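**Student:** Listed in order, the protein sequences are those of chains A and B.
Each residue of the first sequence is one higher than the one before, counting from 1 in my numbering.
Each residue of the second sequence is one higher than the one before, counting from 1 in my numbering.
You may find that some hints are simply not true.
Unchecked claim - Derived SDA-like pairs: lysine to any residue, alpha-carbon spacing no greater than 25 Å straight-line: (1) K54/B with E118/A; (2) K50/B with V14/B; (3) K35/B with G78/B; (4) K54/B with D155/A; (5) K35/B with G77/B; (6) K49/B with G54/A; (7) K35/B with P97/A; (8) K49/B with T134/A.
Stated by the list, open to error - Just a sample of chain B residues kept apart from chain A, beta carbon distances all over 10 Å, derived: (9) D18; (10) P61; (11) F62.
Treat the hints as calculated values from the structure; they're not laboratory data.
Here the structure is a predicted model, which means the values were calculated and not measured.
Each residue gets a CB set at the ideal place from its N, CA and C atoms; glycine is no exception.
Read off the chains here:
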Amino acid sequence: MASWLQSIRPPNRLLRLLRSLGLADDPNPGDRPELERPWLINWQWVPKRSAGPGFGPHEYARARARGAEVARATFGDEQWDKLRRQGFLDLRSRRIPGLTYRLRVGRRIQLVWDSVEEAMGSPWPYDYLCINPTYPLPAVEYAAQLYLYLRDREDEVVRVAAPQPFDQPLGRVF
Amino acid sequence: MGRIIVANRHGDQVVEWDPAVVTEEGRAAVAEAEKLISEARARGCAVSKKVDGKHVLDNAPFDPQVEEYQIIAPIAGG
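Based on the provided sequences and hints, a complete structural model is requested.
**Tutor:** What follows is the structure, encoded as structure tokens:
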């Protein structure tokens with residue numbers, strides 16, 4: 001497995017200056033980085049809520065903007081508008097009676113129960129589920145991915161979820 | 001034209017192919033896309049495909065006729 005150190009890029013400002021002077025080649029015309037396959041990289045040592053080395057404000061802004069486009073396409077317009085309007089999306093569990101998953105961008109999943117009796121049957125001792133992607137992603141893009149997992153592969157969510165007693169931002173998104 | 005959206009820290013990056021192109025280059029693009037999907041799945045990623053305008057998680061083998069795939073990050077608790 002490759003290390004995240006391999007993803008370090010030379011300082012962007014310096015490279016731009018060298019390219020403007022004709023002293024360095026532009027390997028990615030159009031300002032598009034090469035295809036990155038994050039599943040091949042070990043992200044373990046990248047700080048929480050960071051995209052890793054080589055990312056400045058410009059890269060974060062661009063990644064978040066592109067992530068929002070993908071998220072919109074993944075959610076579909078109706079769900080996307082709902083998420084923007086109310087700040088969360090609710091998905092009914094198909095596996096656990098009386099449970100609704102409340103999905104919020106960049107935060108833990110909140111469990112909402114129809115009744116106290118049904119909450120007593122919860123497989124988890126707490127009402128927040130901490131589930132992260134294994135590599136850094138824009139928060140809104142990951143929210144769309146988690147939506148797909150909750151809707152189409154709930155068993156996987158139940159299997160990996162780490163129940164927590166309080167709400168908190170997720171650590172592997174930015 | 002088919003495409004794979006590779007969701008990563010850059011937001012997304014796209015790999016495209018045209019199933020109608022039967023040249024060596026066209027076949028290579030399809031093979032590259034198939035390899036990318038297989039590699040991601042082998043590393044624990046999920047894959048979604050666009051069906052009737054929306055994405056659904058998919059376990060089927062790569063199909064070059066699919067309009068759009070997306071590679072979905074593996075998830076972990078904590």
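**Student:** All the hints need checking, so say for each whether the structure fits it.
**Tutor:** Each hint, compared with the structure:
no.	hint	verdict
1	K54/B with E118/A	32 Å, violated
2	K50/B with V14/B	15 Å, holds
3	K35/B with G78/B	31 Å, violated
4	K54/B with D155/A	21 Å, holds
5	K35/B with G77/B	28 Å, violated
6	K49/B with G54/A	31 Å, violated
7	K35/B with P97/A	40 Å, violated
8	K49/B with T134/A	21 Å, holds
9	D18	18 Å, holds
10	P61	18 Å, holds
11	F62	16 Å, holds
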